[in-house]
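Asker: What follows is each chain in one-letter form.
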Amino acid sequence: MTSGSRLTCGPGSDPAEDNTLTTRHSILRLLALLPLVVGCADYQAEFVNDERVAALETTSSVAATNLTNSLNTHFGTPNALVAWGALPIEFGEISGTVLSATGNSLRVSLESDPPTALNHVAVVLETKTPQNRMASSYDADTRILTLTEQEAAPAVTPGTPLRLIGHKLQAGRRLYMRHCMHCHGVTGDGNGPTARYIRNHRFNPLPRDYRRGLFKFTSTKNGFYAARRDDLRRTIKQGLAGTYMPSFLLLEPDELDAIIEFVRFLAMRGEIERRLLTHLAPLMPTDDGNPPRDLQSLEKELAVDTFNEALADAASLVAENWTSAEDPENLVIPTTARLPDDEKSRLKGRNLFISTKINCAKCHGEGGRGNGGFLKDIQKNPETQQNYPTPGLRDAWHKMIQPRNLTSGIYRGGRRPLDVYRRVTAGIKATPMAGFATVPETDRWHIVNYVLSIPIDGAFFDEHGHQYHGGDDSHADHDHPHDHEADKSDDKPDDKPDDKPDDKPDDKPETTQPKSAKDKK
Amino acid sequence: MTSVVRAIAATAIATASLGLLTGCGGGASATPTVTYKAGDKSVDTGGGPVTQIDGTGTLSGTIRLVGTAPTPEVFVAKGTAKRDTNVCGAEVAIIDQSLQVGEGNGIANVFIYIDKAPPGAPIPAAPTAPAVFDQKGCVFLPHAMVVRSSQTVLIKSQDNAGHNTHTYPGRSRSFNGAIKALERDGVPLIYNKHERTPFPVKCDMHSWMQAFHLALDHPWGTITRADGSFELKGLPATELTLRVWHEKAGGRGGFLERKLKVTIPKDGSATVDKEFQLSDFGL
Amino acid sequence: MSRIFWCLFFTVWPIIAIVVCAISPAMDWAFPGNREAATPLGQRIDDLFYLITGIVTVTFIGTMGALSYVLWKGSKNEDEKAWFSHGSHNLEVIWTIVPAGVLLFIALYQIDVWAIYRVRDHENRDVGPRPSHLVAEVTARQFEWRIRYPKPGTKFTTYKQIKAWLAKPHEGDVYAVNKLFVHLNRETLIYLKSADVQHAFFVPDLRVKQDAMPGQSIDIWFTVNKSGKFNLTCAELCGWGHYKMRGEVEAVEDLEAKVKELKDLQDYDGVTPPGTVPAGASEEATP
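Sequence order for the protein chains is A, B and C.
Going by the working numbering, 210 is the number at position 210 of the first sequence; the sequence numbering is gapless.
Going by the working numbering, 121 is the number at position 121 of the second sequence; the sequence numbering is gapless.
Going by the working numbering, 77 is the number at position 77 of the third sequence; the sequence numbering is gapless.
Honestly, the hints are just simulated from the structure, not real lab data.
One or more of the hints may lead you astray.
[What the hints assert, rightly or not] Straight-line distance between alpha carbons at most 30 angstroms, and here's what the computed DSS-like set of lysine-lysine pairs gives:
no.	chain 1	residue 1	chain 2	residue 2
1	A	K380	B	K78
2	A	K237	C	K160
3	A	K399	A	K380
4	A	K348	B	K274
5	A	K237	C	K244
6	C	K193	A	K128
7	C	K193	C	K160
8	A	K399	B	K233
[Stated by the list, open to error] Cβ-to-Cβ under 7 angstroms is the rule here; a few derived chain B residues that face chain A:
no.	residue
9	P200
10	S207
11	L278
In this text, all values refer to a predicted model and were calculated from it rather than measured experimentally.
Where is the CB? At the ideal position from N, CA and C, for every residue including glycine.
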């Protein structure tokens with residue numbers, strides 16, 4: 001600052017010049033800071049519509065409007081959510097009784113302590129015709145529940161039961177926006193701001209698009225495609241190995257529960273949107289972009305007359321799917337314990353794996369690398385009956401998908417024998433991996449034993465139990481059964497001189513386990 | 001005040017207002033409002049008391065194509081399959097079945113059905129015998145099938161190679177099960193809901209394999225034979241709205257006709273003959 | 001008037017700084033882990049920190065005091081004319097030698113701590129960790145910590161064995177994510193790898209920090225002497241999820257039993273009677 005010299009100057013300096021310079025400097029400083037301020041514009045989170053709604057809009061704006069309005073009415077927006085009782089979601093409900101009411105202040109007795117401040121949760125007063133209000137705040141000491149001023153004070157008599165609904169949904173939405181939204185998107189469409197950075201490799205799975213209600217790693221039987229809460233919990237807690245879905249192990253259990261409910265909320269919203277779009281599909285433009293024939297009558301039939309019925313049907317189907325997924329009857333549980341994981345079993349598993357009777361190797365490859373012959377075929381899109389442009393397998397989201405490379409030791413659905421058993425028995429929903437439930441259970445355990453041994457022993461066993469070192473299988477070098485002594489004469493240039501072992505002269509680590517298959521000569 | 005003080009004061013005010021502005025609302029930490037919407041206990045489908053429909057009749061007819069259908073594409077010429085060569089297309093070449101035109105230009109595998117059973121029509125019980133869905137030479141047999149929802153479909157295989165059957169129903173539970181070689185007992189599959197549109201059934205391992213199923217909660221649906229003819233017996237004797245669907249029909253939904261109105265005379269028969277253009281099939 | 005104002009203005013800030021630094025240990029503003037590291041090495045690092053802070057504070061007060069005095073005295077002096085100085089050789093020697101001496105002292109004093117932290121000698125087994133203290137391999141990846149324990153009961157006697165074990169998956173390995181169990185009151189040796197980009201294994205409470213370099217297996221050893229759970233964070237900017245990359249390190253008495261417990265959960269086949277699986281394990285899956 002050049003103004004240091006002014007310290008010693010008295011009032012004799014030129015005031016006019018001072019003021020101009022200083023004011024200009026101040027204005028410049030303020031302007032310099034402006035870009036920082038502009039950056040914090042209020043980010044309005046909104047649910048985005050399915051891509052097809054824009055096309056629907058061009059032929060039938062009535063249909064598009066009815067669709068978006070009904071979604072708005074039954075699900076709301078991220079800042080004004082709607083808890084729809086038709087869906088099997090735990091919105092977070094607390095029951096109670098009204099003790100006395102003065103205008104918008106109610107003295108209530110609640111059956112349990114609310115976990116949050118209950119700002120803006122829904123209040124349902126179970127009078128003759130239920131009245132819906134919104135809570136503004138709740139004071140646990142005085143037990144006064146204050147309602148917002150938005151609507152007229154309700155008419156309640158003491159003793160009226162009431163329900164406070166939505167605290168879990170609120171918590172879920174806040175946690176979801178903080179932890180999940182940036183990949184999975186505000187609408188749960190897998191298209192959040194950071195999702196684009198996951199596109200660097202052909203086979204990197206993108207963040208899950210919940211809107212089909214399909215989840216891959218479930219513990220339910222084939223056909224129950226909705227996920228159980230436990231499955232979602234496992235995915236969030238453990239992450240998905242080998243993908244960009246990290247582990248959120250350190251979230252508290254109640255935080256996990258809230259996020260799970262919100263994910264289900266988004267999935268159900270997407271499913272209902274999807275089913276309504278299927279109902280309105282005849283109104284979409286034809287392949288050459290023209291409106292369909294009989295647009296007027298179709299519009300009246302589909303978008304007006306039968307629309308509410310379609311919505312109710314969609315809701316009941318979605319509710320049934322999610323509820324039946326929770327039914328313990330639909331869990332995949334083996335009936336026999338895992339067969340002993342010995343060499344014989346693994347060999348049997350290997351032979352099953354490569355046999356044409358089941359055709360595992362046709363997708364997973366003879367070496368289990370996920371490069372089987374079926375990947376060279378061009379598949380057909382089941383929704384449009386058109387061929388996909390490039391060869392390879394696709395998942396339900398029409399993205400390229402590769403069969404699991406079983407040599408990697410990465411198991412997205414879990415590495416327990418039970419998890420691998422579930423993959424083999426029920427398949428992986430939304431992918432071409434089928435359920436092999438008709439293969440006898442003993443055979444399935446053999447396959448499980450074999451699959452779990454591949455990363456350690458390599459995929460190549462021939463009928464004699466010998467290991468075959470195929471082309472570029474780099475793991476094979478360490479497993480040659482005749483090369484125990486290789487450890488002692490390791491001649492890599494950067495290796496340190498032979499370590500003097502602490503106790504035993506033997507170079508192999510002591511284990512409490514009998515020697516594995518690779519020691520067999 | 002000296003310019004220095006003024007400068008500092010200006011910066012301080014700017015920083016303070018920046019702080020205020022950044023603190024302002026919205027975003028991830030805002031608490032959303034929640035309103036409650038009760039689930040509707042029942043949907044009012046309208047209408048008053050329902051009069052019973054007694055008497056049944058028959059509907060028959062033919063669906064024809066106007067023009068010459070293109071020669072179907074050969075997916076796998078005989079003996080040239082790249083995988084499972086001794087099974088797929090070993091005896092007979094595998095040909096595209098998406099538009100099969102028979103004698104008299106009749107179109108095969110056209111679905112003719114009623115969407116919802118007319119109110120008041122007594123619905124016969126579902127058959128107890130299972131429907132058989134087979135595959136031979138890596139081709140599904142039959143290519144199109146109508147079953148009752150809740151009727152068991154047994155998936156069998158005459159092929160000495162593994163297949164899988166992957167269904168894509170609109171409302172029922174889906175299925176993706178492996179069918180092992182020479183599966184003669186059959187893998188059971190049930191479509192538990194009434195379907196409103198036929199849906200594809202595919203094999204992921206052999207990408208050309210495709211068939212279409214339709215599951216109805218009543219027996220009034222059928223497919224045309226190779227010569228395009230069909231017959232539906234036991235239809236309620238009233239005015240019916242028929243749907244005519246084919247997998248290759250252009251536009252959304254695959255419907256050749258969505259509202260074909262026919263009156264079935266009691267104890268009599270009605271006839272419907274329809275002709276469709278090549279353009280209806282996107283050709 | 002304004003002169004006094006400005007002198008006070010520039011004096012009050014250093015005083016506030018000194019006061020804040022002095023009271024911060026008591027106010028818990030200083031070190032994580034409630035002022036005391038959970039490892040003996042960490043405690044020595046803290047002691048070093050306090051020593052250096054003390055030395056620097058004395059120097060700071062001394063130099064600031066001298067500067068303030070000189071400024072004050074000089075600004076009051078309106079009569080004396082400035083005169084050229086050719087410097088004072090003695091003064092310059094003094095204020096070079098003394099700080100150099102202090103720094104040399106600090107450097108030598110801390111060598112020991114550095115050696116314990118990072119040096120090991122294959123010849124002299126007493127320097128550095130023993131192979132038998134191997135606990136786990138920790139692989140940092142965007143944006144989580146993937147952990148692999150060797151099969152419970154495995155005893156490593158040479159580094160070559162460890163190297164062979166690190167090279168590929170082995171039968172009986174136990175896997176975990178984001179939660180690392182280590183020895184309590186016994187030395188822990190872990191190997192740090194990276195699956196993609198640079199990360200850093202940072203456990204503030206233990207005063208342990210080590211960058212994870214892709215392509216390398218870097219050994220870290222420490223002894224935890226306080227039971228509890230410690231935050232594990234990533235200390236090397238590794239991408240948009242760097243801020244989320246948190247884990248937990250827990251020191252347990254009987255580590256082998258704990259890893260065995262994890263292994264039992266990992267071996268769950270859905271049917272085996274509960275006796276072989278710890279109570280409450282049920283559907284808890286490991287990756």
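Asker: Can you name, in rising order, the numbers of the hints this structure does not satisfy?
Answerer: 2, 4, 6, 8, 11
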